[in-house]
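Build the full structure now, drawing on both the sequences and the hints.
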Amino acid sequence: MREIQYHKAINEAFIEEMERDETVYLMGESLRGANYPHSEGLAKRFGDQRVLDTPICEAAFCGAAVASAMTGYRPIVDLMFIDFMYTAADEILLKAPQWRFMHGGKVNVPVVFMGAAGGGMKLANEHSQIPSSIILHSPGIKLAVPSTPYDAKGLMKTAIRDNNPVMYFWHKQLMAVTGEVPEEDYTIPFGVADVKREGTDVTVVAYSYMVQLALEVAKKLEGEISVEVVDPRTLEPFDLDAVLKSVEKTNRLVIVDEDTERCSFASELAAQVVDKGFTLLDEPIKRVCAGNYPIPGGYMEQHVLPSVEKIEAAIRSVAV
Amino acid sequence: MRLKKEQKLTLYRNLVRTRAFDQLFSRRLGLGKLLGFWHPAEGGEAPGVGACSF
Amino acid sequence: MNDDDFVFPAVRGHGLPHLISKGVDPKYYLAEHCGKSTGSCGGVSTYHNIDTEHGFFGLAGTLGTGFPISVGYGMTSKWNGKQQVVVSCFGDGTSNRGTLHESFLMAANWKLPIVWVCENNQLSMYVPVKDHHPVENIADLAFGYGMPGEVVDGQDVVAVAKAVDKAVARARAGEGPSLIECKTERFVTHSIGLPDRIDLEDRTKDDYVELKKRDPVVLFQEKLLKEGVLTQKEMERIDQEIAVEIDAAEAFADAGSPPDPSVLDDYLYAK
Amino acid sequence: MALEIIMPKLAMAMSQGTILSWFLSQGDYVTKGQILLEIETEKVNYEVEADGSGYLHIVVPNGETVPVEHVIAMLAENEEDLASLASQITAPAGSSSATVLETEEVVEEKDSALQPLTPPKGGRVIASPLARRLAQQYGVDISSLAGTGSRGQIVKRDVEKARTAKPANVLAVAAFDGEVVNGIRVAQTIPLAGIRKAIADHMQQSLAVSAQVSNMGEVDMTELIRLRKALLKQEESLGVRVTYTDIMVYLMSRALRYEPSLNASVIGEEIKVWKDVNVSVAVAVQGSGGELNLMVPVIRNADQMSLVEISKCARDLILRGREGKLTTADMEGGTVTLTNVGGFLNGPLTGTPILNQPQSLIVGIGAILDQPRVINGEIMVRPIMDFSMTYDHRAVEGVPVARFYSKVRELAENPGLLIA
Numbered sequence: 001m002r003e004i005q006y007h008k009a010i011n012e013a014f015i016e017e018m019e020r021d022e023t024v025y026l027m028g029e030s031l032r033g034a035n036y037p038h039s040e041g042l043a044k045r046f047g048d049q050r051v052l053d054t055p056i057c058e059a060a061f062c063g064a065a066v067a068s069a070m071t072g073y074r075p076i077v078d079l080m081f082i083d084f085m086y087t088a089a090d091e092i093l094l095k096a097p098q099w100r101f102m103h104g105g106k107v108n109v110p111v112v113f114m115g116a117a118g119g120g121m122k123l124a125n126e127h128s129q130i131p132s133s134i135i136l137h138s139p140g141i142k143l144a145v146p147s148t149p150y151d152a153k154g155l156m157k158t159a160i161r162d163n164n165p166v167m168y169f170w171h172k173q174l175m176a177v178t179g180e181v182p183e184e185d186y187t188i189p190f191g192v193a194d195v196k197r198e199g200t201d202v203t204v205v206a207y208s209y210m211v212q213l214a215l216e217v218a219k220k221l222e223g224e225i226s227v228e229v230v231d232p233r234t235l236e237p238f239d240l241d242a243v244l245k246s247v248e249k250t251n252r253l254v255i256v257d258e259d260t261e262r263c264s265f266a267s268e269l270a271a272q273v274v275d276k277g278f279t280l281l282d283e284p285i286k287r288v289c290a291g292n293y294p295i296p297g298g299y300m301e302q303h304v305l306p307s308v309e310k311i312e313a314a315i316r317s318v319a320v
Numbered sequence: 001m002r003l004k005k006e007q008k009l010t011l012y013r014n015l016v017r018t019r020a021f022d023q024l025f026s027r028r029l030g031l032g033k034l035l036g037f038w039h040p041a042e043g044g045e046a047p048g049v050g051a052c053s054f
Numbered sequence: 001m002n003d004d005d006f007v008f009p010a011v012r013g014h015g016l017p018h019l020i021s022k023g024v025d026p027k028y029y030l031a032e033h034c035g036k037s038t039g040s041c042g043g044v045s046t047y048h049n050i051d052t053e054h055g056f057f058g059l060a061g062t063l064g065t066g067f068p069i070s071v072g073y074g075m076t077s078k079w080n081g082k083q084q085v086v087v088s089c090f091g092d093g094t095s096n097r098g099t100l101h102e103s104f105l106m107a108a109n110w111k112l113p114i115v116w117v118c119e120n121n122q123l124s125m126y127v128p129v130k131d132h133h134p135v136e137n138i139a140d141l142a143f144g145y146g147m148p149g150e151v152v153d154g155q156d157v158v159a160v161a162k163a164v165d166k167a168v169a170r171a172r173a174g175e176g177p178s179l180i181e182c183k184t185e186r187f188v189t190h191s192i193g194l195p196d197r198i199d200l201e202d203r204t205k206d207d208y209v210e211l212k213k214r215d216p217v218v219l220f221q222e223k224l225l226k227e228g229v230l231t232q233k234e235m236e237r238i239d240q241e242i243a244v245e246i247d248a249a250e251a252f253a254d255a256g257s258p259p260d261p262s263v264l265d266d267y268l269y270a271k
Numbered sequence: 001m002a003l004e005i006i007m008p009k010l011a012m013a014m015s016q017g018t019i020l021s022w023f024l025s026q027g028d029y030v031t032k033g034q035i036l037l038e039i040e041t042e043k044v045n046y047e048v049e050a051d052g053s054g055y056l057h058i059v060v061p062n063g064e065t066v067p068v069e070h071v072i073a074m075l076a077e078n079e080e081d082l083a084s085l086a087s088q089i090t091a092p093a094g095s096s097s098a099t100v101l102e103t104e105e106v107v108e109e110k111d112s113a114l115q116p117l118t119p120p121k122g123g124r125v126i127a128s129p130l131a132r133r134l135a136q137q138y139g140v141d142i143s144s145l146a147g148t149g150s151r152g153q154i155v156k157r158d159v160e161k162a163r164t165a166k167p168a169n170v171l172a173v174a175a176f177d178g179e180v181v182n183g184i185r186v187a188q189t190i191p192l193a194g195i196r197k198a199i200a201d202h203m204q205q206s207l208a209v210s211a212q213v214s215n216m217g218e219v220d221m222t223e224l225i226r227l228r229k230a231l232l233k234q235e236e237s238l239g240v241r242v243t244y245t246d247i248m249v250y251l252m253s254r255a256l257r258y259e260p261s262l263n264a265s266v267i268g269e270e271i272k273v274w275k276d277v278n279v280s281v282a283v284a285v286q287g288s289g290g291e292l293n294l295m296v297p298v299i300r301n302a303d304q305m306s307l308v309e310i311s312k313c314a315r316d317l318i319l320r321g322r323e324g325k326l327t328t329a330d331m332e333g334g335t336v337t338l339t340n341v342g343g344f345l346n347g348p349l350t351g352t353p354i355l356n357q358p359q360s361l362i363v364g365i366g367a368i369l370d371q372p373r374v375i376n377g378e379i380m381v382r383p384i385m386d387f388s389m390t391y392d393h394r395a396v397e398g399v400p401v402a403r404f405y406s407k408v409r410e411l412a413e414n415p416g417l418l419i420a
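From first to last, the protein sequence lines stand for chains A, B, C and D.
Following my numbering, the numbering of the first sequence begins with 1 at its first residue and continues without gaps.
Following my numbering, the numbering of the second sequence begins with 1 at its first residue and continues without gaps.
Following my numbering, the numbering of the third sequence begins with 1 at its first residue and continues without gaps.
Following my numbering, the numbering of the fourth sequence begins with 1 at its first residue and continues without gaps.
Just so you know, the hints here were simulated from the structure itself, not pulled from any lab data.
Do not take every clue at face value.
As the list claims (entries may be wrong) - If you anchor each label on the Cβ, the simulated ranges turn out as follows:
| id | chain 1 | residue 1 | chain 2 | residue 2 | range |
| --- | --- | --- | --- | --- | --- |
| 1 | D | L24 | C | S191 | 49 to 57 Å |
| 2 | D | L24 | A | Q272 | 31 to 39 Å |
| 3 | A | A176 | C | S191 | 50 to 58 Å |
We put the CB at the ideal spot given by N, CA and C, even for glycine.
Encoded structure:
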């Protein structure tokens, strides 16, 4: 099978879905010139009305996308860096997720918001976040967090076809990562986890770029500690059964989440496992997350973000 | 734009219906027969009626 | 305006003036405001409202929500060939929101068919307009975005209708957005249960007497009676008709009951 | 029938609880799951939920302290039941129905005889949720295990290790691979050997050689209960908790003075009437494989001993019996036997105990139960204990046995005679 890069996989998803449904269009800043490679060639191919460069008015174009989605179109809003979503917090966290619910289900809001997420490139606080907990704290919007080119394409196609608002984080560190992606059309259902590596001693749940780090540590510990890496691929809906199934085997759970630790997705999953899988646990659940700081720039970032060393330490602490 | 007789009556009916319903909501809130808040339009109905009647 | 033209109402009266005039039946909104499952939003929202058949895709309590939403409606009508127009109304208070500027910019930039209608009742809760807006006419904002701006007497329903009609025609012809400012009044408190106060002083009886001299309903009634368009008998018939409609609406709302909690799952995500 | 709400037993050590506050009042309709009241125990305040619906009838008001499992409220199905409940003069707790009176003492003796070692005093057992589940599933007592988890907690492997060390008596659910004899699955095979064989042979032989006759009777324990209560109060000074077995050993030894012929054995062609009155006391002891074995240590010259001396001697014998430290000397020389199965009963049971060869008399006592009896023409509730006897008609006549039985009853009903 051919191998392509993560951002190319997203680009292919756009092309296929825009070919398939002419109500699908892209809106954001500098998409036509293609600030990011995933929007390259789209303007030339689909014309002015389907690849729109907006003024720097996130609140306006995110709010517009909600109305556009309600009235027959399927906008994909590219926020460039997901950190800019705070300028349109009302539109992204309240209006989009809640409009259908508050209006008695009488209208759907099929909109996809996307943006570059995650750190590790010394870009500091406003270009390194991965705010999954805030999205999860806004019921009514789904969240896809692909860790490989294959997942990136499949999840983007599903996101575009979903009749609900979907937030799609793509990780900057994964942009150029290559992976097998089949030629034929495929989608990946939301809420179905993927065991990226089988193991028997410790279950590591990780998403997005953290999956790569977890796999790296698992490989290093091969022969000493058998690590199973579970990639949920979407955090809403979330495949808790897959996690419980794995923990039933290993009885030990480490959760790796690049978002800030306090009130993070990792904390939520830990609470759910203690509630639903209490008698499966032989050891306390460990969370490896970003520390409770802004994400620093310079050389300080590594002290805040999760690392292979921190993941390994967490695994060893429970595989005693 | 010259308003025909029928259009003027439409404007009038919409104005009076708006005033009546607006006062109904206000009254019911006072009686505890309406949930939440009520921000009356009384006195400011003409822009909305004028804008959306035709 | 046509049925499928879009409307985003102002917040006073929770949009009753706009929605009643656009043909939306208010009894469903009364039921919604009473938390009944027969309400327009299934009884889950207290104050939201929706009637897509009349181009009304909902309203929100966050002031300034209408600006970006209206940009979205404008984009849709610009693309789907139905030549719909968007009438987006807001008060002088709501015009303070940043989303106004971003939305005016996008609408003007993309020549969207939007008629921005500012209903300036010169009061933002207790704050007089001179304390929250630097210039006399909010309509002056229009020139910054290269769109026509006009001020009309908001107590003269005909004047408003004519100005908006002109702007709608402009928009429908693809010439882009316009801004109309209606100088109007607020005859009562901002919200039932609050004092009717301007800055530090509560409004007095004399203030109300002065205000009522420019009651839009009375002004228009006298005008139509003078022109012979309206007769006393016709007036009474209309009032009687409306009284019946009011009773029916109340009965409809009171007959309903709260929704079954299972709707919360039905409404959260679409299949 | 109204639903009883009892004082829940929350912690192992909890013996009683105090009603802090009722959240509902008499007659309120309660639905399942609704929080009824808050109780206070030594360790924790706790909210008690209704596990059914009905109309609330409060039995124990705020501020009162009652033992665990004590009925604190009832949930009547309907208003009539509620009314009838409320009107009933609530009998003193626990005495209305024919409950087993005072068997706690008898049970207690059973406790001392059979109860496995209580968990070590001191801190809580720290174990992972998984370890706790598996321990329960495998029937492993985790309190004795050492934890090897990251924080010293007992983990799965610790339980698995403990499990494999002990023969697995977990019921196999899947296909039964164990032994099947004439179509019946065998749970456990115990060789008829050693102590087990000895008991079996003795029993069989006893029936074979002697003419055993059994009589079933009863004793009114009212006075002895009062006596024992008084003795319990003196536990400190006496240095021992006197049990009913001790009292009956004392009584039998004194009654035999009046009927010495019972204290005899057939040896060869002769009947030896013994001078010594040595009472063998039957004790059930848990064997290493978990089975129950009968041990019969002897209290020598019980007729010369005071009740306290008998009691101390009995305690010592029973304790050593449990620890398997009884010597053959302890077991020999018995002239009559007393067996007490009362501790395992929650109702009346008379039986035909088998003679402890070569003795000619064995007495079996049972549970002490409230029973209706006619006393001077009136029906009274009296604490009655079963009293069965088997004697060897070769050596002993029925009349002396009957007289012995009457003497035991007379002494039981007038303990004063014992010191007259």
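Hints, one by one, checked against the model:
no.: 1; hint: D:L24 <-> C:S191: 49 to 57 Å; verdict: 40 Å, violated
no.: 2; hint: D:L24 <-> A:Q272: 31 to 39 Å; verdict: 34 Å, holds
no.: 3; hint: A:A176 <-> C:S191: 50 to 58 Å; verdict: 56 Å, holds
Violated hints amount to a single one, hint 1; each of the other numbered hints is respected by the structure.
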